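Undergrad: Sequence:
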Amino acid sequence: MSDRDLAIIVPVHNELGNIVPFYDRTCAVLDSLSAISWQMVFVNDGSDDGSLERICELRAKDKRVKVISLSRDFGYHAVLLAGLSLITADRYAMIDVDCEDPPELLREFPSALEGGADVAYGIRSNRVEPMVVTFFRRLFYYLNKGIADSDIVLWMAEFAMITRQVRDAIIAPQTTYVFLRAEIGYVGFVRVGVPYV
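Note that the sequence shown ends on residue 1262 in our numbering; no numbers are left out.
These are calculated hints, taken from the structure and not from any lab test.
Incorrect hints may appear among the rest.
[Claimed, not checked] Each computed SDA-like pair below joins lysine to any residue, with the alpha-carbon atoms no more than 25 Å apart: (1) 1128 to 1155; (2) 1128 to 1164; (3) 1126 to 1163.
All figures in this text were calculated on a predicted structure; none of them were measured in a lab.
Required output: the full structure, derived from the provided sequences and hints.
TA: Next up, the structure:
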């Protein structure tokens, strides 16, 4: 990876027990990347379980940790949009604090971007969930794809890395109720999926 700034956007809503393990695991990954300066941006979505205080403790020890705290629970996609809107970097990664999406995949995304993609996103190849959940998930995705005015990737998650150009295009419309997958489809650009288990 060339010398670039990377902002890791991390939504947090009542995740007290996950914050430190996520931080430790993700720092190990990011510190292993050469020629990169990074910041980890925790966006607190109205947590009331001590999550904000725990993030502030990390920030006091590590200046690469940034905190954005919203006044109430605005929802997952609004939190991601707040992080993208308020932070400036060359590249942005979005990842959940619960580590269901492995931080280690952050090592794979940069090569996809350097290979010409503007969006590198994770594709979970083996999701273990009840059949009824899978059915409704598929129904949701297919309905969205059918009514959307853009090319939504069916199994794309928000776990992704994007260029500043993509970020700028996403935040430009100042959408009130954003659905990030649809926004990424709407703005275009080259997308590459990176499978993981």
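Undergrad: Are any of the numbered hints broken by this structure? If so, which, sorted upward?
TA: none
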